Amino acid sequence: MRADAFPTDNFGVPLAGSLIPWIDVALENGQSKEEWKAFAETNKILGRSENPVAIDGTCVRIGAMRCHSQALTVRLRKDVPMDEIESILASANDWVKVIPNQRDITVQELSPTQVTGTLAVPGGVCAR
1 MRADAFPTDN
11 FGVPLAGSLI
21 PWIDVALENG
31 QSKEEWKAFA
41 ETNKILGRSE
51 NPVAIDGTCV
61 RIGAMRCHSQ
71 ALTVRLRKDV
81 PMDEIESILA
91 SANDWVKVIP
101 NQRDITVQEL
111 SPTQVTGTLA
121 VPGGVCAR
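Here the sequence shown stands for residues 1 to 128, numbered as in the numbering used here.
The set of hints was computed from the structure by calculation and includes no laboratory data.
All figures in this text were calculated on a predicted structure; none of them were measured in a lab.
Each residue gets a CB set at the ideal place from its N, CA and C atoms; glycine is no exception.
Hints should not be assumed to be uniformly reliable.
Unchecked claim - Listed below are the simulated DSS-like cross-link pairs for lysine-lysine, each with C-alpha atoms no more than 27 Å apart in a straight line: (1) K33 with K44; (2) K78 with K33; (3) K78 with K44; (4) K78 with K97.
Said to hold, decoys possible - Per label pair, the in silico range of CB-to-CB distance: (5) N51 with D83: 44 to 52 Å; (6) R2 with V60: 15 to 23 Å; (7) A26 with I88: 18 to 26 Å; (8) V74 with R103: 19 to 27 Å; (9) A16 with S49: 31 to 39 Å; (10) E28 with I105: 25 to 33 Å.
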């Protein structure tokens, strides 16, 4: 993995078989621009651009040919039943599809292969 033969032109380090724990430029608040985009794009998907939900995380580039993936931990101010949370997510816009939290369905539906060529925004593995 450290051989000079691995391409590094695009990211400064090899991506094949690895990951890069920093994406894009640094912002003044210590986030990477990609981490800020996770906040902005998630709120856009949820229709919360005017009244955004606080979202923070670490963005890591992986060697996938297509798609983005986000893992979110959401802390709510009140107890909301999981089916209500899933309903809110599913009704956010026409492209969002909540995938049942069952192994076989999750493995099949939450993959770049499944959504390539679509506008689908699948979400799943919702749990307390």
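Practice problem: Take a look at whether the Cβ-Cβ distance between V74 and R103 falls inside 19 to 27 Å. | Solution: holds, 22 Å
Quiz item: Is the hinted range of 44 to 52 Å satisfied by the C-beta distance from N51 to D83?
Solution: violated, 23 Å
Quiz item: For the pair supplied as a hint, K78 and K97, is the alpha-carbon distance within the 27 Å limit?
Solution: Roughly 24 Å separates the two Cα atoms, so the pair holds.
Quiz prompt | Status of the given 18 to 26 Å range, CB of I88 versus CB of A26 | solution = violated, 33 Å
Quiz item: Is 15 to 23 Å right for how far apart the beta carbons of R2 and V60 are?
Solution: Hint holds: Cβ distance 19 Å, inside 15 to 23 Å.
Quiz prompt | Outcome of range test on Cβ distance (A16, S49; 31 to 39 Å) | solution = holds, 36 Å
Quiz item: Hey, K78 versus K44, does the alpha-carbon distance stay inside 27 Å?
Solution: holds, 23 Å
Quiz item: Taking only the CA atoms, is the gap from K33 to K44 under or equal to 27 Å?
Solution: holds, 16 Å
Exercise. Indicate whether the distance between the beta carbons of E28 and I105 respects the range 25 to 33 Å.
Key: At roughly 42 Å between Cβ atoms, I105 and E28 fall outside 25 to 33 Å, so the hint is violated.
Quiz item: Holds or violated: are the alpha carbons of K78 and K33 at most 27 Å from each other?
Solution: violated, 31 Å
Hints 2, 5, 7 and 10, counting from the list given before, are not met by this structure.
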